[in-house]
Amino acid sequence: DTGVSQDPRHKITKRGQNVTFRCDPISEHNRLYWYRQTLGQGPEFLTYFQNEAQLEKSRLLSDRFSAERPKGSFSTLEIQRTEQGDSAMYLCASVGRNNEQFFGPGTRLTVL
Amino acid sequence: GNSVTQMEGPVTLSEEAFLTINCTYTATGYPSLFWYVQYPGEGLQLLLKATKADDKGSNKGFEATYRKETTSFHLEKGSVQVSDSAVYFCALSSSGGYNKLIFGAGTRLAVHP
Numbered sequence: 044d045t046g047v048s049q050d051p052r053h054k055i056t057k058r059g060q061n062v063t064f065r066c067d068p069i070s071e072h073n074r075l076y077w078y079r080q081t082l083g084q085g086p087e088f089l090t091y092f093q094n095e096a097q098l099e100k101s102r103l104l105s106d107r108f109s110a111e112r113p114k115g116s117f118s119t120l121e122i123q124r125t126e127q128g129d130s131a132m133y134l135c136a137s138v139g140r141n142n143e144q145f146f147g148p149g150t151r152l153t154v155l
Numbered sequence: 003g004n005s006v007t008q009m010e011g012p013v014t015l016s017e018e019a020f021l022t023i024n025c026t027y028t029a030t031g032y033p034s035l036f037w038y039v040q041y042p043g044e045g046l047q048l049l050l051k052a053t054k055a056d057d058k059g060s061n062k063g064f065e066a067t068y069r070k071e072t073t074s075f076h077l078e079k080g081s082v083q084v085s086d087s088a089v090y091f092c093a094l095s096s097s098g099g100y101n102k103l104i105f106g107a108g109t110r111l112a113v114h115p
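First to last, the sequence lines map onto chains W and A.
So the number in my numbering is just where the residue sits in the first sequence, counting from 1, plus 43.
So the number in my numbering is just where the residue sits in the second sequence, counting from 1, plus 2.
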C-alpha cells in the first residue's frame with residue numbers, strides 16, 4: 044500500500060491557461076473522489092468515479108472542468124481557461140471495501 | 003441539504019488540557035459521521051468514525067459519540083499534547099449519494115507546552 048499520490052503537488056498558472064492534475068489511487072481501490080478545498084474551508088465534493096464510470100458530478104464542476112478515469116486506474120482533472128477563483132487545493136481520495144476514504148496530499152493550484 | 007457545522011477556531015490550549023471541538027450536522031436518513039485530521043504539510047487522515055446512533059468512535063485518545071437526538075458528534079480528548087496541533091474536520095457521509103463526504107469548515111487546534 045503506497046497510498047494515494049497526486050501530481051503535481053503545486054501548480055502556478057496564468058489566468059486563461061489550461062491545467063491538468065493526476066491522481067493515482069491505491070491499486071485495489073475501484074472508487075475515486077475529487078474534492079476542492081479553499082483556504083479556511085473544508086473540502087467540497089467535485090466528482091465520483093466507480094471504476095471508469097463517472098457516476099456523480101457536483102454543480103461546482105462547471106463546463107470548464109472535466110475529469111476522466113480511463114481503464115479505472117489513475118484519474119485526471121482538467122481545468123480549461125483557468126480563473127483566479129479556481130485557486131484552491133485539489134484533493135483526490137480512493138476508497139476500498141471498508142468504505143474508508145484515503146486522501147492524497149493534494150495539488151495546490153494558484154492562478155495569477 | 004446535508005451540512006456540517008463545527009466550532010470556529012483557532013482553539014488554543016496548554017499541554018494536558020481537556021479538548022472539546024463541537025460538531026453538529028443536518029442530514030436526511032442515517033449518515034455516517036467522521037473526524038478527519040490534517041497535520042501541517044500533510045494530507046487528510048481519518049481520525050475516527052461512527053456509523054450509527056450511540057456508536058462511539060475512538061483513536062489515539064480522541065473520542066466522539068454519535069448523538070442522533072442532538073444531531074451532534076463532538077470530538078473530545080482528555081489530555082492534549084503539542085503533537086495534536088492540527089486542523090480537525092468533522093464530516094458526514096449520507097446513506098445515499100455514493101457516500102461522498104460533506105465537511106465542516108475545520109477547526110485549528112494549537113497546543114502549547
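No lab work stands behind these hints: they were computed from the structure.
Ideal Cβ positions, reconstructed from N, Cα and C, are used throughout, including at glycine.
Possibly wrong hints are sitting among the right ones.
[Said to hold, decoys possible] Okay, the calculated bits of chain W under chain A, using three or more residues with CB under 8 Å as the criterion:
1. 55-63
2. 104-113
3. 119-127
[Unchecked claim] Not close to chain W: a few residues of chain A, all C-beta gaps over 12 Å, as computed:
4. G45
5. S60
6. E65
7. K70
8. S87
[As the list claims (entries may be wrong)] Just a sample of chain W residues kept apart from chain A, beta carbon distances all over 12 Å, derived:
9. S70
10. E71
11. S101
12. S116
13. A136
Hint check:
Coverage of the segment 55-63 of chain W by chain A is violated. Counting CB-CB distances below 8 Å, 0 residues qualify, and the rule asks for three or more. For the segment 104-113 of chain W, the stated coverage by chain A is not satisfied: 0 residues place a CB nearer than 8 Å to a CB of that chain, which falls below the threshold of 3. Counting residues of the segment 119-127 of chain W whose beta carbon lies closer than 8 Å to any beta carbon of chain A gives 0, which falls below the threshold of three, so the coverage claim is violated. G45/A, annotated as away from the interface, has a beta carbon of chain W within 12 Å; the closest lies near 4 Å.
Separation of S60/A from chain W is adequate, the least Cβ-Cβ distance of about 16 Å exceeding the 12 Å criterion. Its beta-carbon lying about 18 Å from the closest one in chain W, E65/A satisfies the requirement of being farther than 12 Å from that chain. No Cβ of chain W comes within 12 Å of the Cβ of K70/A; the nearest lies about 20 Å off, and the non-interface call holds. Separation of S87/A from chain W is adequate, the least Cβ-Cβ distance of about 17 Å exceeding the 12 Å criterion.
Against the 12 Å criterion, S70/W stays outside the reach of chain A, whose nearest CB is about 18 Å from its own CB. At the 12 Å boundary, the C-beta of E71/W stays outside the reach of chain A, the nearest C-beta of that chain being 17 Å off. The claim that S101/W lies off the interface is violated: its Cβ sits roughly 8 Å from the closest Cβ of chain A, which falls inside the 12 Å cut-off. With a least beta-carbon separation of about 19 Å from chain A, S116/W lies farther than 12 Å from that chain, consistent with its non-interface assignment.
Annotated as non-interface, A136/W brings its C-beta within 12 Å of a C-beta of chain A; the closest such distance is 8 Å.
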